[in-house]
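Visitor: Next come the chains, spelled out residue by residue.
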Amino acid sequence: MSQEVAVLGVGMHPWGKWGESFVKYGVRAAQDALRDAGLAWNDVDFVAGADTVRNGYPGYVAGATFAQALGWSGAEVVSCYGACASGAQAISVARSRILSGEAKVALVVGADAAPKGFFAPQGGRRPDDPDWLRFYLHGITNPTYFGLWARRRMDLYGATSSDFAKVKVKNARHGLHNPNARYRKEVTEDEVLGSKVVADPLHLLEICATSDGGAALVLTSLDFARKHTTKPVTIPAVSTVTPAFPNTVIEMPNLATDSGASSGPPETPFKASIAKRAYDRAGVGPEDVDVAEVYDLSTALELDWYEDIGLCAPGEAERLIRDGDTTIGGRVPVNPSGGLACFGEAVPAQAIAQVCELTWQLRGQAEGRQIEGAKLGVTANQGLFGHGSSVIVKR
Amino acid sequence: MSQEVAVLGVGMHPWGKWGESFVKYGVRAAQDALRDAGLAWNDVDFVAGADTVRNGYPGYVAGATFAQALGWSGAEVVSCYGACASGAQAISVARSRILSGEAKVALVVGADAAPKGFFAPQGGRRPDDPDWLRFYLHGITNPTYFGLWARRRMDLYGATSSDFAKVKVKNARHGLHNPNARYRKEVTEDEVLGSKVVADPLHLLEICATSDGGAALVLTSLDFARKHTTKPVTIPAVSTVTPAFPNTVIEMPNLATDSGASSGPPETPFKASIAKRAYDRAGVGPEDVDVAEVYDLSTALELDWYEDIGLCAPGEAERLIRDGDTTIGGRVPVNPSGGLACFGEAVPAQAIAQVCELTWQLRGQAEGRQIEGAKLGVTANQGLFGHGSSVIVKR
Amino acid sequence: MSEKTTVAAVEGLLVADPSAPRLLGSRCKACGTYYFPAEHTLCRTPTCSSTELESVELSTEGVLWSYTSANYKPPAPFVAKEPFEPFAIAAVTLEREQLTVLGQVVPGVGVDALKTGMAMELTLGTLHEDDEQRYLTWQWKPVGH
Amino acid sequence: MSEKTTVAAVEGLLVADPSAPRLLGSRCKACGTYYFPAEHTLCRTPTCSSTELESVELSTEGVLWSYTSANYKPPAPFVAKEPFEPFAIAAVTLEREQLTVLGQVVPGVGVDALKTGMAMELTLGTLHEDDEQRYLTWQWKPVGH
Ligand SMILES: [Zn+2]
Ligand SMILES: [Zn+2]
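As given, the protein sequences belong to chains A, B, C and D, one line each in that order.
Heads up: the first sequence begins at 9 in my numbering, then just goes up one per residue.
Heads up: the second sequence begins at 9 in my numbering, then just goes up one per residue.
Heads up: the third sequence begins at 30 in my numbering, then just goes up one per residue.
Heads up: the fourth sequence begins at 30 in my numbering, then just goes up one per residue.
Hint data in this document are derived by calculation from the structure and do not stem from the laboratory.
Where a beta carbon is used, it is the ideal one built from N, C-alpha and C, also for glycine.
Careful, some of the hints might be misleading.
As the list claims (entries may be wrong) - Simulated coverage check for chain D against chain A, where a stretch passes if three residues somewhere in it have a Cβ under 8 angstroms from a Cβ of chain A:
(1) 37–51
(2) 94–100
(3) 116–123
(4) 130–141
(5) 148–156
Stated by the list, open to error - Here are the simulated SDA-like pairs of lysine to any residue, each with C-alpha atoms no more than 25 angstroms apart in a straight line:
(6) C/Lys170 with B/Pro138
(7) A/Lys204 with D/Arg51
(8) B/Lys32 with D/Pro75
(9) C/Lys102 with B/Gly166
Claimed, not checked - Ranges between beta-carbon positions, derived for each pair:
(10) C/Glu111 with A/Gly132: 20 to 28 angstroms
(11) A/Arg133 with D/Lys58: 27 to 35 angstroms
(12) D/Lys58 with A/Thr276: 22 to 30 angstroms
(13) A/Arg133 with D/Glu32: 24 to 32 angstroms
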């Protein structure tokens, strides 16, 4: 049995600060994906939703909410939550349902209406909850982690603030013509480095904003897709891995790492294991990658991903950004969509949006940002609480 | 390809009001399920968690939380939320992962530490949210819906308060020797009818409490299971259906139904469609059912389920309870575990616990409440926001 | 009583005119399906999917589908009177719309006065009040009560 | 200053004794793995799963893994001083435990005074206070500072 499913349709609601319900964004993305697939809502027999429970309320159940808004059709539904990896969980669930033969046409939808400012935990005193503890005991926000990882690159590998700023400059240029991007404006290194420091060494323009937005996919079996298109884009593998003990690198939202005292650090650190699992499943390797979409919550974090998805060895990411290897036209462009730098974070939609972009790239439809001849792409993403996510997309 | 997966292990943390973290309950249930399967935590390559987001906080991500507490092993993880159907979504996700060949040993876990009193929505003003609207505009709690449905049975079918009370008396007797039940005490019809009316015509002893508890399953392929046991219990079908438009029966948490003005009511009402989908998939029918576990949020609701899972025609459920058909020893015992009447509600664990009970019944291990010769069981469950759930279990 | 102004407790669901209480819904221009609360983005009849929906006032009379009572004080966001007075709740099916709407029953009418199938009509009642305003919601009462 | 009593901001994570600040963790008796915050139910080393875990005090010195700053006021539940004073945050790896612990850096030591690899030691500082009590949390400082 083939372990590939087809991406027959993709759709997005543009990212922004629209101030409307997340339902509207998800419905629009779903309708666009269905139109793109040449299918109707009634053709869908399975809906996988990525939940936006960050708002702290279980009423926002994505799968059923979108199914109701599109019109109850008796479709089966599953809703997933896995922080920033929620979208990848939804993709993985839909993919399995297709592979097992239980579903013919699966719709995957994620959308969010984001709050302003720092992400912060719900009210109440929860000393057992690491996400509450870090805020209360030390004022540790998400940018704190981005700053720690960035500074370590500087002290370990000689990264400079200029290297980090170059990531923002690149992504801003990539997203310039992307109609779904929120920020479409070039920025210079000086502008980046001239913006206020939020979490040393990172500046305001190096840390992604929170956005409203939505993204959707229509997944089918290869056989089904071949009746509708000659050469479908496919997903040969999804990874939703957790860490292997001990996870000795500090991670959101923890105050401490696991201890390596008895077993030593793991052979493959968590972040490197995420894409590795996907590569292994798909029978490909980093050398086969033509394009990547990674989770650039900060500029420096994009450099970490270059190494963690295997585009270069640890410590070499700065060379890639300096040499233009990851710019469109370079050896292996990263975040041709413009990335989070241009989109901002819409948590449950993000991992799905990455697959939308790769699909457009692999079909040659990424107008204004097209990577010529791209045949294989990889996404990478990490959610707090130990949620890894990586999707291989190929044509 | 067979569409059956094996239930190789089941486990629970007893229901109660223990006042500890839901993590502890889930871990205990998982360990018991693994021991029951004769497998170790390291054998698990996929974890499906049912989320307890009712607490209003996304930090409670079930799958990764349990995986971390058991010891990060690099297992893949998906966490599901679908109100009371969350557990069934998790089962369905794990089942697909086995059927597709992506996972060998899947662990499904749900656990909850329940708040006291009425379920109520998170703070804040959300006029777009039906769950907020119903509380604010009309003081409509969950028992309101139970009362509406119960009263309709009385006015339509001539049900009496005594009929409803008989369900409680039966379930209390069923759960008497269940070591995982919270309430293990016989009650009389007079005691039920003597307790205070909460939502007319229902009394306090007819509406289920909220509990702490946990439940877990180990699912594998049939081939894998046959190497460990001679005749495994299997799951030939899971249904996680949504309604078909128009859903013309009032349902939690809505203030109004869909309109049947243009299309008329659906051929099969939502609640009846839930188990129907599972029967159809498994190639069985209500006549094949030896035992059922249904979601008795109220006594009267159990009677609705008799009809909705096809044990009798609409309006005949009262006859079944009066004649003892659904009592252990009767034609088709319902809730031999004692049901929610004896357990109370632990939302993400409930649908999983139903499968645990059916597994014990089908193996002949339901000491003190065994249904002799049971070969096929069905579960039914409904979550707010349009989440149906039904699982067929057979041996 | 007072010079307090009256206002709908939630915008967009009802006309806060005690002399002519009405619920505000919407109707699909293509297939005629009604929605309450109003749907204005997309018709949810799966075979229709029209985006042309118009605001409509719903029928003010209907048939009692079922009823129950709230004998214990509901939690927030409900603003309960102190001391709490139990009340009845009705589900009323509107004929033309083929749609059932929940709501409190007017004070003084308990479950003993109700029966499935009886005719009910819409009225307005005070949900709660503050120093300046009375917040109105819809309520159901037996026709002629 | 005052007669306020001092107390740990959260129970069970530290010894609130300014003369001998210590973090409280646990250690698996079977495999020797450390946990902070303490784990007492089940050893999370997947091949161990022992339930025998003992409370231990963690090393009070370690090596700076990395550091950053909080230049904007963090949201609640953090209780920020007014006006807000930016502070540095350190990740310090304890040698014996092979475990990295985050924490604020003592006031007056900014990122300019820090470098990955330098020796750091544990101390206690006031997180916030009310009329009766000062709530303590752990902080890191360069050894000898
Ligand atoms: Zn229509
Ligand atoms: Zn151990």
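Visitor: Next step is simple, just say for each hint if it's right about the structure.
Guide: Status of each hint after checking the structure:
| no. | hint | verdict |
| --- | --- | --- |
| 1 | 37–51 | holds (count 5) |
| 2 | 94–100 | holds (count 7) |
| 3 | 116–123 | holds (count 4) |
| 4 | 130–141 | holds (count 5) |
| 5 | 148–156 | violated (count 1) |
| 6 | C/Lys170 with B/Pro138 | holds, 23 angstroms |
| 7 | A/Lys204 with D/Arg51 | violated, 36 angstroms |
| 8 | B/Lys32 with D/Pro75 | holds, 16 angstroms |
| 9 | C/Lys102 with B/Gly166 | violated, 29 angstroms |
| 10 | C/Glu111 with A/Gly132: 20 to 28 angstroms | holds, 26 angstroms |
| 11 | A/Arg133 with D/Lys58: 27 to 35 angstroms | holds, 31 angstroms |
| 12 | D/Lys58 with A/Thr276: 22 to 30 angstroms | holds, 29 angstroms |
| 13 | A/Arg133 with D/Glu32: 24 to 32 angstroms | holds, 26 angstroms |
Hint violations for this structure: numbers 5, 7 and 9, all remaining hints satisfied.
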